[in-house]
Structure formats: structure tokens, C-alpha cells
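Asks: Now for the letters of each chain:
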Amino acid sequence: MIRSFAHPMLAAPFLVLALWAGASAADPASAAPAAAGVQTATGGVAETILFYVFGALTLMSALGVALSRSVVRMAVWLFGALAGVAVLYFLLAANFLAAIQLIVYVGGTLVLLIFGVMLTAKSPRARLDTKPSQIWAAWAVCVLLLVALMTVIGRAEWPAQNPEAGGLPVAALGQELLTTYLVPFEVASVLLLVVMIGAAYLARQEK
Amino acid sequence: MLEIDLTRYLILAAAVFCVGIFVMMTKRNAIGILIGVELVLNAANINLVAFNRYQGGSLDGQITALFVIVLAAAEAAVAVAICVNFYKNLSTIDVDRGDSLQG
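Residue numbers (the working numbering), protein chains in the order written: chain V, 1 to 207; chain H, 208 to 310.
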């Protein structure tokens, strides 16, 4: 069953790009108050449908990661989960973050992981099976954790505000990043330099 | 049912988080464990962005999520380098075999 789902999932990035184009085209319209009202009225149903479709895609892909046994298949399922999360960012009016998710996560981290798979397996489809007792223990822990989290989410009172239609513009994000968050930003860049040197040192060829 | 509110995002994130924990617990391949970590980080990011959206007014959640993405990329780079080294030394990627420090 898992195998048959792997191919239609490859259409996900195109769908995401189309959505992004749609979202950025709709952005100027939401600045006008009248247009914004119309957008939230009709956008409610579309948002609901999109949330359920892509939430299901994310969850299904995550389960695919958990249930498939070959690492290459796991990486492909992870791709579906990451793309689904990117669409959820669009729905949460975080356009820039969604683009970053696609560029850095799908384009960078996932490719890196696949390189790791190729470099560390004699055959890329090699399997390592887990003992059934360990799988049952993991099931028990995860179900308990999920029940606990659901209970907390259900009982807590979230001070939910109705979000504005368009969300804040990307320019505000850049401004925050270079004023309030300047120090973490610079630390992150130093960290990336250290990681680059460290990874090259760790993975170097022995002479 | 028609209104998407904060709770639905939180429930979805909790489910993805638990699946990520399951992956980390059951996979014996080091790269597989890394993939589980990525799922957990994504679940946390969904929470951050959802709270940012529904609390309104600021961008703190989105910027934190941005830093999480950057750190995840850095973590993956170092972890893959360590996995390659592990494979070179032990000729396997099975984490259960990395027990040479055990007494």
C-alpha cells in the first residue's frame, strides 16, 4: 500500500509552487479593507479544505516514514511531510518561512540526508530490522505521549485572537531580524561557518 | 468543524511529534534516526508558527522557526559527517553496533 502512494506524491512541489504564486498574487488585494473582507469570507472554506488535505498529507507521510523499512523510501516520505508543512506555513500566513522551508529543508537538508544514505550503505536498499518487542514498546510510549498531549491541548484555554487577513509583510520579518534579533542572527552565521569546517574535517579522507 | 483554529494546528503538530519520536525509537539506521529528528523539529515549528499567527501582532514565533530551520540544517550536516565516519570505522550504519566504549 505504501508503495502505490509514493509516485503521486511527487506532484506535491508543483502544487506548492502554484499555491505560492496564488498567495503572492493575492497579497496586494488584501491591503484594501473591502477586498480583505471578501477574502476572509470565501477564504474560510478554502482554508479549511486546504488544512485538512495538507494536514492529512503531512501526517500520512510522517506515518510512511515510520512504517517503511528502507532508508531511501523513508527519505522520500520525509519529502512529502516537509512539503505538507510548507503548505501549512502558507495557510498560517508565513509565506517567507514556507519558501525557506522548501529551499533549505527540501532542497538542502533532505538532499544531504540522501547523500548520507548513499555514502553509508553497501546497497541503498539494505534493511535493518527492529525487534518486535522494541516496536511494541515504542508504540506504547508514543500512544501514551499522544494521549497526554491531546489532554493538555484539550484542557488548556488558549487566548486565541482572530488573525488579520494578510498577516505581517516579509519586510517586517527582515527588519526584526536585523534589529531585535541581530545577535542571534550573527551567532547563527558564525555557527554555520563552524559547522562547515567541522563537517569537512569529520568527513575527510584519511591519508 | 469549518473554523480552523489554533487547536487543530496543535493537534496536528502533536501527532507529527509523536510519529517522529516513534521513528527515533524504532530505527536502527543512524540516518533513519536523523529523519525522525527532522520530523520532531518540524512539529515544533508548526507550533511556533501557529502560535505566532493566533497571538497576533509580532513575528517572534516566525523568527524562532527560522532559526530552528537554520540549526536543523547545521545539525544535519554535522550528523551526516559523523554517520560517514561511523560507517568508515565500523563498516555498518547500525547504531546498535556502536558499543565499543561499553565495558
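Take the hints with a grain of salt, since some may be wrong.
Quick list of in silico lysine to aspartate or glutamate cross-link-like pairs, EDC-like style, CA-CA up to 20 Å [stated by the list, open to error]:
| no. | chain 1 | residue 1 | chain 2 | residue 2 |
| --- | --- | --- | --- | --- |
| 1 | V | LYS122 | H | ASP301 |
| 2 | H | LYS295 | H | ASP306 |
| 3 | V | LYS131 | H | ASP267 |
| 4 | V | LYS122 | H | ASP267 |
| 5 | V | LYS131 | H | ASP301 |
| 6 | V | LYS131 | H | ASP306 |
These aren't lab readings, by the way, just hints derived from the structure by calculation. Because the structure is a prediction, the values reported are computed rather than measured.
Asks: Is the Cα-Cα distance between LYS122/V and ASP301/H 20 Å or less?
Replies: 12 Å, holds
Asks: LYS295/H and ASP306/H were given as a pair; does the straight-line alpha-carbon distance stay at or below 20 Å?
Replies: 15 Å, holds
Asks: With the threshold set at 20 Å, check whether the alpha-carbon distance from LYS131/V to ASP267/H stays at or below it.
Replies: 43 Å, violated
Asks: For the pair supplied as a hint, LYS131/V and ASP301/H, confirm whether the alpha-carbon distance does not exceed 20 Å.
Replies: Satisfied, since the Cα-Cα distance of roughly 13 Å is no more than 20 Å.
Asks: For the pair we were handed, LYS131/V and ASP306/H, check the Cα-Cα distance against 20 Å.
Replies: Holds. LYS131/V to ASP306/H sits at ~18 Å (cutoff 20 Å).
Asks: Run the distance test for LYS122/V versus ASP267/H: straight-line Cα separation, threshold 20 Å.
Replies: 45 Å, violated
When held up to the earlier numbered hints, the structure conflicts with 3 and 4 and fits the remainder.
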